[in-house]
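Asks: These protein sequence lines map, in sequence, to chains A and B.
Mapping the first sequence onto my numbering, position 458 (from 1) lands on 458, and the numbers just tick up by one.
Mapping the second sequence onto my numbering, position 281 (from 1) lands on 281, and the numbers just tick up by one.
One should not assume that every hint holds.
Label-pair distances were calculated between CB atoms; the ranges are [said to hold, decoys possible]: (1) Ile105(A) to Ser69(B): 29 to 39 Å; (2) Trp442(A) to Asn261(B): 17 to 27 Å; (3) Phe313(A) to Pro211(B): 46 to 56 Å; (4) Trp442(A) to His84(B): 49 to 59 Å; (5) Val44(A) to Phe77(B): 37 to 47 Å; (6) Ala83(B) to Gly81(A): 40 to 50 Å; (7) Ile208(B) to Ala525(A): 39 to 49 Å.
Coverage of chain B stretches by chain A, computed from C-beta distances (three or more under 8 Å per stretch; other residues unrestricted) [what the hints assert, rightly or not]: (8) 167-173; (9) 214-225.
Keep in mind that the hints were calculated from the coordinates and are not lab data.
Every residue, glycine too, gets a C-beta built ideally from N, C-alpha and C.
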Amino acid sequence: MSTSLSGPGSAEQAPGREPVRRGLPRTPRTARNHAPITATGLVVKVVLLGLVAGIAIWAAFPLVEAEHWVGLGILAATTAGLFYLYLSRRHIPAKYLVPGTIFLIACQVFPVLYTASTAFTNFGDGHRGTKDDAIVAIQTSSVRQVPGSTEYSLSIATTGDPATGPLVFLLSDPKTREVFAGDAGGLRKLDAGDVTVSATGKITEAAGYTVLNFGQASGRSKDITDLVVPTAGGAVRSNGLSRAYEGKAVRAYDAGCDCVKDSETGKTWTADPANGSFVAADGERLAQGWKVNVGLKNFTRVLTDPDISGPFFGTLLWNFAFAIGSTGFTFLLGMAIALALHSPRMRGTNVYRVLLILPYAMPSFAMLLVWRDMFNTDFGLVNDLFGLHIDWFGGTWSARIAVLLVQLWLGYPYMFLVATGALQAIPRELTEATSVDGASPWQSFRAVTLPLLLVALSPLLIASFAYNFNNVNAILFTTEGGPFAPDNPRNGATDLLITYTYRLAFGAQGAEYGLATTVSIFIFAIVAIVAAISFSRTRKQEEVYS
Amino acid sequence: MTTLSDAAVADRAGTGKSKGRWFAQVGWRHLVGVLAVAFSLFPILFVISAALNPLGTLSSTELLPTGASLENFTNLFQKTPFAHWFLNSLLLAGVASFASIFLSALAAYAFSRMRFAGRRVGLLALLLIQMFPQFLAIVAIFLIFTTVTGLWPAIGFNTPWGLFLLYMGTALGANTWLMKGFFDTLPKELDESATMDGASHAQVFFRIMLPLVAPILAVTGLLAFIGSINEFIIANVFLTEPDSKTLAVGMFGMVAGERNNNFGMFAAGTLLTAVPTVLVFQLLQRYIVSGLTAGAVKG
């Protein structure tokens, strides 16, 4: 890379790229900026800006409907900014940078900041919404049928597809002949003229709803059982597929004591604002809590809670070993083969090369799964070929070795390719000169070839390290983090920090988003520090100043 | 490596001594080559054998093909929405890699040929952002897109567009540096003279710079393509309906539960997935070596 070409000094005379002056960038009056507007350019501009306006209008309607004014403001400002930028003749660099930057901010910077903010809360299963949401959930889930409850005839309907659409209860009161539609949002009275009620009192048709037949309804019986329609005195729940009742909530919130009382047992659960849940005197917590800020609690938990910090530091150590091992072994093997094939007297190197790099061209996600099955204890290829009977993914170290072996297979063709490229760039005179001076092949390799190779490939090695540090696929598709210690199902021997986080956030143990994002932030910090240190030692850093 | 004397070549007759010499100079290189090829190919051979295995189970598959049946391939298309997955993946990866290459080429042009306030900060920020893999923020992305799905179902979960937008987010970080390097190597007299002749900055970019870096665009595009095909984590959170899945998500589901019985179908799918990439790979091989040495990483 000829970095000197675009040095500020040499760019002095170039129109449109004068060196940065104090203050704002000012576009100079140059031929480039006053080039005539071509017809094609104008048409493209009009079409693209029209497209932007169209997308903005399309996106605006749902925002208005949801009364999402902040979002609407951002949308309007962005659109106006784009129009200003591309209609004016100034700010030329921005015209090239803004398209990518918008995506970067919306889809990468914003999620990262959002991640950071979630880390200070207890967000997760049982702590999703506000305190009011939690109270409603507690009350509706405690609904019981009591003597005197209103009974309804029930028809199951939906506003969407019968198999997946949101469910609605169509209810008719046999005594008063009133008809209602109810969903998780509450109960609404329907106009009797819009519905057809059969002789048995069941609603068979209703305007705007698709009534499910018996087969469709029984296919969604779990959704139907789970649907609770909140009402003033309690809630409506289904009883089978054709009857429903309005029951009374056994548990109710009392604002006076800021607690939930059970009217049957008399037990009370008092609100604990620090943890976002209702706690009884005996320590029992209600499953439904709410989201609160917990400050640095998640961070201290990662560092001090022995259930988490123990696995965290062990995992960190293995994470480094995995990234260094994956990069190092692939580099060593790839370089060794490249050196072996790099000889003027070798015939057929092209054939070798084409066959060697096939693993690199195969879809890696699928090959990882194939390797997983090749390490199968009972009928895996590896055990078959070598007559072994090892439970590869069952032992800590055999699992680690297996994972690194898979990484070696996937990664070495890439290292072979780049090492071949770098070797071809090293002038043959250099190695010849050392042999004339009486150096052994090994000495010439150590003193000339290897240093030159490392100079050329160190940015790649760093990038490969950073990539492997968070190589989710390599673990998730093979060992899935296992083997797990019997006393700790959350963290396995081959878990990387990122797969550990993935399990915390989405695993079967129940989602703990707050804790998971805290671990994410620790990973951010570690990768950034490693990257900063290594890049400060490479040429990439220098290019910035050119 | 090249220090072995050339004199030895002269007397390479049929004698045992010179055979030993031939081995010391060239033969061992072939041995290494053959061993490396064997290491590279045996898992692929296993996949081919599994795909052709009429029984289609993992336990009955051996390294060398035991039969030649296309049953696994027909099952793949009849029993799973593989054709959907294949099209989804091809389209998503194709469009996403093309668009992301274009976005980063635009940015690279600005960073390479223009001087403006914030250029250095911008370049350093991109370098750092590149180090932060997007999937670390997967929880946040999940929450954000829950809102987005509510507002605009057309770009929400189970659509390729939402996923496309997310892949675009990584475009600048991944390729701008590499492309800036290539733009830097083009002599700037080229675009200067065009400017003098009255070309606008857009004409310089589209008519002069882009054609000159076409090979490297092809290589980075291919790498981005492979990266999108293999992307699993975000797609897995995003796509839950059978027909909307990509190859990685769908095929993972195929062997997640029934790994023994579906293995033949899975192997057949693997081979079909590899066809487009292997073809383009062999075509672009010459460019790939130079493109990789300049700093591209398989994503």
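Asks: Are the hints correct? Go through all of them and say.
Replies: Against the structure, the hints come out as follows:
1. Ile105(A) to Ser69(B): 29 to 39 Å: The hint (29 to 39 Å, Cβ to Cβ) is violated, given that isoleucine 105(A) and serine 69(B) are roughly 52 Å apart.
2. Trp442(A) to Asn261(B): 17 to 27 Å: Violated, at about 53 Å.
3. Phe313(A) to Pro211(B): 46 to 56 Å: Since phenylalanine 313(A) and proline 211(B) have Cβ atoms about 53 Å apart, the given range 46 to 56 Å holds.
4. Trp442(A) to His84(B): 49 to 59 Å: At roughly 56 Å between Cβ atoms, histidine 84(B) and tryptophan 442(A) fall inside 49 to 59 Å, so the hint holds.
5. Val44(A) to Phe77(B): 37 to 47 Å: holds (41 Å)
6. Ala83(B) to Gly81(A): 40 to 50 Å: holds (42 Å)
7. Ile208(B) to Ala525(A): 39 to 49 Å: Between isoleucine 208(B) and alanine 525(A), where Cβ atoms are some 43 Å apart, the hint holds.
8. 167-173: It holds: at least three residues are needed, and the segment 167-173 of chain B offers 6 whose Cβ sits within less than 8 Å of chain A.
9. 214-225: Three-residue rule not met by the segment 214-225 of chain B, so violated; n is 0.
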